[in-house]
Every structure is written in structure tokens, then in C-alpha cells.
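My request is simple: use the sequences and hints to build the entire structure.
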Amino acid sequence: MGGCSSQSCHSCFFEYQTERMIVVKSKVVGSVFRLIQFLIIFYVIGYVCVVQKSYQETDSVISSVTTKVKGTGFTNTSDLGARVWDVADYNIPPQGESSFFVLTNMIVTPNQTQSTCPELPNQSTICMSDSDCLEGSNDVRGNGIQTGLCMNYSETVKTCEVLSWCPLEIDINLPEHALLVAAEDFTVLIKNSVTYPKFNFHKRNILPDVNSSYLKQCEFNRKTDPDCPIFRLKDMVSEAEEDFQTMAIRGGVLGIIIDWSCDLDWPEHYCGPKYSFRRLDNKIPENNVAPGYNFRFAKYYKTTDGRETRTLIKAYGIRFDVIVFGTVNAVCNWFLLTCTKRRDYYSKHKFTYLDNIDDNAGEPVSY
Amino acid sequence: MGGCSSQSCHSCFFEYQTERMIVVKSKVVGSVFRLIQFLIIFYVIGYVCVVQKSYQETDSVISSVTTKVKGTGFTNTSDLGARVWDVADYNIPPQGESSFFVLTNMIVTPNQTQSTCPELPNQSTICMSDSDCLEGSNDVRGNGIQTGLCMNYSETVKTCEVLSWCPLEIDINLPEHALLVAAEDFTVLIKNSVTYPKFNFHKRNILPDVNSSYLKQCEFNRKTDPDCPIFRLKDMVSEAEEDFQTMAIRGGVLGIIIDWSCDLDWPEHYCGPKYSFRRLDNKIPENNVAPGYNFRFAKYYKTTDGRETRTLIKAYGIRFDVIVFGTVNAVCNWFLLTCTKRRDYYSKHKFTYLDNIDDNAGEPVSY
Amino acid sequence: MGGCSSQSCHSCFFEYQTERMIVVKSKVVGSVFRLIQFLIIFYVIGYVCVVQKSYQETDSVISSVTTKVKGTGFTNTSDLGARVWDVADYNIPPQGESSFFVLTNMIVTPNQTQSTCPELPNQSTICMSDSDCLEGSNDVRGNGIQTGLCMNYSETVKTCEVLSWCPLEIDINLPEHALLVAAEDFTVLIKNSVTYPKFNFHKRNILPDVNSSYLKQCEFNRKTDPDCPIFRLKDMVSEAEEDFQTMAIRGGVLGIIIDWSCDLDWPEHYCGPKYSFRRLDNKIPENNVAPGYNFRFAKYYKTTDGRETRTLIKAYGIRFDVIVFGTVNAVCNWFLLTCTKRRDYYSKHKFTYLDNIDDNAGEPVSY
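Protein chains in written order, with the working numbering: chain A, 5 to 371; chain B, 5 to 371; chain C, 5 to 371.
The reader is advised that the hints may include incorrect statements.
All copies of an identical chain are treated as equivalent in the list; a pair is satisfied when it fits inside any one copy or across any two copies.
[Unchecked claim] Only pairs whose alpha carbons sit at most 30 Å apart, straight line, appear in this in silico DSS-like list of lysine-lysine:
#1 K207 / K238
#2 K202 / K303
#3 K207 / K318
#4 K220 / K162
#5 K207 / K162
#6 K29 / K318
#7 K74 / K29
#8 K31 / K318
#9 K318 / K72
#10 K162 / K74
These are calculated hints, taken from the structure and not from any lab test.
Structural data, given as C-alpha cells:
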């Protein structure tokens, strides 16, 4: 618009400028020109659209998980005698948000009371006389508050006495074979429902074509039963290329990864959960430095004279973390543009719409 | 630059090439030209900027949730007698990360001990003689370890004896009306603070203009009290288009969805939590196949002679999952570019800066 | 292609049109032209590539966290007597997914039984005679079900009697100094492993160059030990610019924020966890309206005659939420395009590949 002076602005508005063109009629130059055109079109369609899907909207998943473990185990130890373990015993705490813990091995210290006893012997607790012990001292790696006395821990070793839950736990002698051997055959039902809020897409891992009689007896198998949401603990650990009984001794963390990545431009049928399993903590090495997963908890009792006693349990076991992830791609830009009004409608009627999907989502599930 | 030979590179550098233009003075051609110009500008401003907000930066939310339930309920059953339930009784476990559970119905099996008793009768446990039972057998769907004996379960039915927590739980007779009827009037305070780390934006769901005297007595209502963070359980279930007492019988999972999606180009005042509620598990169907949400836990006791007994509770109830999501858009590209130095400053003084916001965020809250 | 008539389509296909150019040889015009060219190139390289990294792919983190607290504390109160607290006592519940709670202060109400007692006096419970009390009434802010009687609460005040866990908790006299003073010296080991699924990137916060002997004695310090995953509780609270003993009185929520944002175009060595700490709930104000963080739980006992009693504990303490976030950027578009086949290979061998990384990730960790 360089030739446009302010005094003739009206006529200038309707001016149209165009380049003077030369037309070259040559098969060589023309071919090169068309080839370059083709490459540009191929790049746009082939890379930007097909590979990158840049024309698509994406959204991240919102997920809800519940789990239920089944199975009973049997142990016979000197501390506890013959004992059957059911889900209320080995599943601690009784319900988690998206993880569950199965006790497989333990060190039990029964009948602890608040009293005094000699510390476990190590460099800083071994003493010769009371003067080696400092009354009121509280080491972060110790088990209690020192009373200032030096007591016989065994016939040969003297250690500083502490006020603590006595007798102290001796956690050196971890059973070499996991106590709750049967845990590998326990099963767990995982219910997972996901939502992609931007697209109002809602689906459960119990697929519409799965009926309740199938659910009562099925078991996940990547080849024969890929849609069954009931998993045998041993199978999950095997898929993560670990050995259940080895892992059960010192415990560990196993990730149950559910991938809901979908392309919603395809029919909803193609959008399903993809399960994979991997160990999330580091493995047990050859040397005796023990990683694994354990924690301590106690059951509290009162004696008839009102004194509190407890059974301390150092619980080794496998924590299963259900990790749900996924992004969803969908629907070309122009389609979204066209649907803007429809989207507003969806926002208003959001959960009504979702509930309708729920109703049609197949028979509900009993476990 | 085709006309540029290598020997005159210096003069070539300052060459400027431009197209020879034709100016067409025609109202028709000019109008069409201006229309096309207008459409392109409209597309860029109207779609790319206003609809897609492509010029904006986005960030995902980091969230922290605490909850506190209030209310007492009363039950009168043959197993437990007249009994008042407070939060320490019905809220299991006592604190969760971003979910809480309210017990509404239960099957209680008191005075279980490790002993032997006949299995619950079903196809695989009914027996005629000891030879039908396999000592040491442990079915994943059974309740214990078979002793090899065939015992009278009732006057007409014999089943294999198991070592287990006896007497066994009979979970067929679930109360048809939820035991803890009063649970619908319990209230919960939800404290939620969110951060968008990229923008150093920090806000709580207890808004700055909410004072503590209001918080002591308010209750969330979408119309009259949309900013009150105290929710009556019944109201939340109603908003999800469910009936509390029906849901309370077999339990379920309810999502409390807090949407913090904001456009930070608008004043901070406009960026607040938007609450919505939806049932996350599938609904109870007409047939008797029961979904819902339940889990088992036990309270352990010791008798005077040192034997362990327990009360097993199959707890049905509603798990409330607080799901916080949101992306935030903000600030044109050029602004960010200008502010690069300022952003570095923010990264260094990140949490100091945030704490200052905290201080000004209005009166703190008691509940 | 305006000059292309339909009858000569073939010859038209090989036509090449180009603009007729004018070459202006002027240092002024040329300089301006080159300056504009330079600005465009600078914008593309400097802003789009360096600042925005638009050429990069991004991915969000998947994370797994385990924690283990160590330390013992000592309290001496009239309710409980001299008592040592270990991790099984103060860590409630015993294990969480990505948060842990440390009890620092408490109100203990021992020997509660299901019985009747006069309500705590307030406006709605104070009565003159039985006619002021409504049998069966159950206030959501009350402690039980009214029996309809008006009883002496003290020598001067009468209140309505309730059926409840009696004696009722009196939570006004919160100890002014946190009971579990020693909690500030407790330490916690945080194990965190992260995965960026799109890039098959996997790393732990225990870095490959950290060995187990170092882990046994190290303690996180931003200057001297930035890679040690063992944190002293007091240090974390200090970094959030809070005072531990003040926070311990009424409790609070502290965020342990682990930022794994990385640019994978740089060597893996540069991609490590960045720890920061901030208080997530609002601070305690000058006035006596108490925020903080607390919850109630109970320990249940049975007396010799089979009656249930409980010790109710209103637990004040610090909940530590481990919040892991991060996005990762990596690898130019053209590289990804070239590597498409390789990426497919990775998807297939995903977890095998990851396990190999695990094996080389340095010595495992004992704590």
C-alpha cells in the first residue's frame, strides 16, 4: 500500500496490488517446482498431521481406583503358633486410595511393655560401667531414653539400659523364607474408572462386554483373558520379571501401570486399559545390605490391671501402587470450532451426560 | 538473491530485491481483496487467540487436601447393643491423603478366635464324610486351611472343617437399611490449597473474604453459600444425582471434583474453586449382584489368659475422593519474553514470595 | 495458475510462475532489509527455540514414593505417665502412599466406655431441668444422643445428658508446649523413583554415585549434602521458614516438593531431584482461632467382663506430603522423526530396557 496517499484514502481502500508474474514453460523447471510443492504438502499432511497429530486436542486423565484382595494364608511360628491370616490380618491399612499392601514376612515382638531393658549391643551402647551411660540421652538411632545404668545384655556383653517398649525388637533374624508363602496365590480385583474432562469421555476398566458370571471366575492373562480385572499376585510379579518368593522375603514396591492413552478419533471400542507391571523399588543385591519395603506397626492391648502392652510387628511385604496415566488426543480443530456451541451444552449438562454413559456401561460387577 | 555473483559479495549484501507490483483500481476486485484480508485477520484473532488461546502459556496444578468430618450416629443391633459412633469409630483409617471414608453399614462378627469350625456351605465345601475333605487344602475363595474333617454345619448340611478365625463371618444378611442412618447429616470441612508452580500462583479454597465466624456455621450451597468449604454428606450425594440412604446400604465411591482452571490474564479474584460431585463407581442394579464399596478390618483384643480374639467388621460405606484438577492459562508471549529476568527472580525467591501471599490471604480458619 | 486454461492442462502442469523482481542497490535500503531479516532469524532461534523450546517434545512424570521415619521420643503426662514413643506409636497410619504423619502433641482421653454423661457446656446444652433436653436429639456439633435428662456437669452448671463415649473429651487444654519435643530430631528417608514414559527415562532420588555407607550416616544439607535422601524433620520445617516447636503445638501440613524438571538434551547426569519445602496449610495467627492439623483416632480394648473401652487420642502433628512434579523436554523434532522406528522398538522392549537401567543404578540402599 506504499503508493497510497492520505488524501485519496477512499479510493486507496479499494486498490488491489498484485505482483507481475513471468510464466516459464519448461518441463525441467516445472518438474522441480511441482516436486517442491509435493514435498511441502507431504510434510504438512504426513508429519504434522499423521505423526505429530498437531491438529488434535489433548487432555490428561482423572482416575479413581478401588482394590479388593482375596485369599487366606497359614503360618506356624514359635511366636504366634499355628495361625491363619485373612485379608483383615495381612492388608494394612485396610484400605488405601490407589495402593494396597500384602504382608508376606514379619518379625513379631509380642508382649512389649513400657519398661526398662538393656539396649541392643552396638558401638555406642556397649558399656563397662554406669559412667559410660548418660541418663536422659536419646540417640536417633537408638531404641529409647537411657536411664544411666549399665546392664548385662548377655553373659558376655553389657549395654546401657533404656526406658522403652521392652523387650526390644531383634530384627536381625528375618525368616529366610517368606512366612506367608500362600500370598502368591492371592488375587486382587482392581476397579478403575477414568475421565477425560475436556472431552467428557468416561470409561471403566471393567468393559461393557464383560458380564458378572465371567468376573466371578476369571483371572487376568495377557493372552487368554486380557480384559479380566482380577490379578493373581504371583502373575503380576512375574510380568515385572521378578520372583515372588524372593521379593516376598524383604518386600518391595510393585507398580501396576494402567495406560489409558487413546485416540478418540477412533471408535470408543478401541480405547481400553493397557496393563503393565514393573518393580518400582530397587532389587535385592547379592550383598547383605537389605533394601526392600517394610514398616512397623503395633497392636495395643490392656492387661487386667490396666497396663498397656503391645505386639510390635515389623511388616515386610509388597506394596502394589496402581498408577493410572494417559493422555487422549481427539478431533480436528475445525470440528471443535464447529462444535463450540455443543461443547457449551456439554459443560452445562456435564455429569448428567456422564451418568447416562454409566447406565449403559454394561452389567455391574460383584466380587 | 539469484543475481548475486560470488565476486561482488560485498555489494550483493546490501542489495534489496522487491517484486514489481501492479495496482488494480477496481471496486469489485478491491472488495474481494479486503474481504479475504478481513477473514484472515478474523481467523487469527477470533479463533487462534480467543477460542484456542494459543498465545498463552499453560501450567498444571499442584494440590494439597485435608479433610475433617463431624457428627455422631447411633445404632442398636443385637451384636453390639445400643452404641454411639463418633468420628474415631466411623472414619477408617483416621486420616487419608485426599480421601476419607464414612462407615454407613456393616456386618460385625465378634469374638473370633484362631480355632476350627465347619466352612460356609457351597459346592466345593459340602461333604459327606472325611474323605471328601483334603487336609491342608487352601482354596483362594475359602476361609481357611482344611483340617481334613467333615463336620455338621447345620442339622442338615455337613461341610469340611477349616482352621480359621472362627466363628466365620456370614455376610449374606446385610442390613437392608443402612445402620448409620445419621451419616447423611455429617459434615466435612475440606481444606485445599493449590499452586501453579510456573506462575507462582497460590490460592486456597477458603477464600480471602471468608471469615472464621462465617466458617463456624456455614454449609455449602451452590446458590446461597458457594464459597463455604463445609459440605453436608447428603448434599454432595444429592448433587451427584444419587440417594444417600440407597448408596449407604452397599457403599460406593463419590468424587468431590475441585476444578481450578483459570485464566490468569483476568484478575485473581475470578480464579476460584468450582465444586462438582459425581459417583465414581457403578450404581447398584436391580438384580442382587452387589457392587458398592466395602472392605474388612478387625479390632484385636487379648483375653485374660493371653489368647488373641478379634471383632471382624465388613465395613460398607462411602469413600469420598477429593480430585483436584485444573490447568491455568496466562500472559501473552511477548509479556513473558519481557519478563524473563523477573521470572528468574521469582524462581530464586519462590517460596518467600508465596509465603507473603499466604500472610495476606485473609483470616485463618478454625473447624 | 491464473493463466492456465482447461484445454491445455498438461502443458499447464509444467508451467512455473515467478515474480519479476527489481534489484535496488542502496546501502540504506539494504541495511534496513538485512536488519529485518536478522530480527526474524533472531526471533525464531532466540525466542522460539531457546526460550520456548517449541521444537521439543514434553512429558509428565510418573512417580513412586516410600518413606521411613526414625527416632524415639519421651513424654511424661498425668494421663499416660512416663512413656517412650517409637515409630509404631507416632506414625499414624503406619504407612501412607506419599505422605507420612508425625504425632507431636495430643489430648488423650483414656478409659472411655459407651455410657451416659452430661454434655460439655455451651449455649445449646446448658439446661435448668429435664424439659430443656430432648430425648433422642442428635446435634451434628454435639457428642452423642441426648437421653432427655438434665444433669450436673459441675457444681454450678447443669447440661443435658448424652449417650456417648464417656467421659467426654475436653479439648480446650491443649498443652502449650508440644509433648513430643524430640520429634524435631527424627529423620526420614525418602525413596522416590520417577519415570517419563514417553522417553523411557527412569531415575531414583538415590543417585548412582551414592553408596550405602554414606547413606547410613548422611543427612540432607543444601550445601554440604544435597544428594542425601535422609531429612531431619526440623531442617525441613526450617527451610519452609517455619519454627518446628511452634508448628508442633497445633500441627500443620508441610510439602516436600521434589522437582524433576529436566532437559533430556543434556546428559542424564544433569537431571536430578531438586528439593524444596513449604508449609501447605495456613499459619497459626495471633488470635486464638486455631488452624493447624489434627485428627482423632482411638485404641480399643476389652475389659475382662467383655465390655469395650477405648483411649481416644486427638492427635496434633505434622503431615508431610511428598509432592513430585516435573516435565521433561527433549530431542528436536527431526531427531524424533528419524527415530520413529527406534521408538517403536523401545515401546516393545519398554520394561526390559528400564530394568537394565535399574541394574546399573548403583548400589542399593539400606535404612
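Here is what the structure says about each hint:
1. Within a single copy, K207 and K238 get their C-alpha atoms as close as 27 Å, and across copies as close as 26 Å, so both meet the 30 Å cut-off.
2. Taking identical chains as interchangeable, the C-alpha atoms of K202 and K303 are never at most 30 Å apart, the minima being 47 Å within one chain and 44 Å between chains.
3. For a Cα distance limit of 30 Å, the shortest separation of K207 from K318 across copies, 28 Å, qualifies, whereas the shortest one inside one copy, 39 Å, does not.
4. For the homomeric pair K220 and K162, the shortest alpha-carbon distance between copies (25 Å) is at most 30 Å, but the shortest distance inside one copy (60 Å) is not.
5. Taking identical chains as interchangeable, the C-alpha atoms of K207 and K162 are never at most 30 Å apart, the minima being 64 Å within one chain and 45 Å between chains.
6. For a Cα distance limit of 30 Å, the shortest separation of K29 from K318 qualifies neither inside one copy, at 87 Å, nor across copies, at 87 Å.
7. Taking identical chains as interchangeable, the C-alpha atoms of K74 and K29 are never at most 30 Å apart, the minima being 80 Å within one chain and 84 Å between chains.
8. In this assembly of identical chains, the alpha carbons of K31 and K318 never lie at most 30 Å apart, being 83 Å within a copy and 84 Å across copies at closest.
9. With identical chains, the CA atoms of K318 and K72 are at most 30 Å apart both within one copy (23 Å) and between copies (12 Å).
10. With identical chains, the CA atoms of K162 and K74 are at most 30 Å apart between copies only, with a shortest distance of 24 Å across copies and 48 Å within one.
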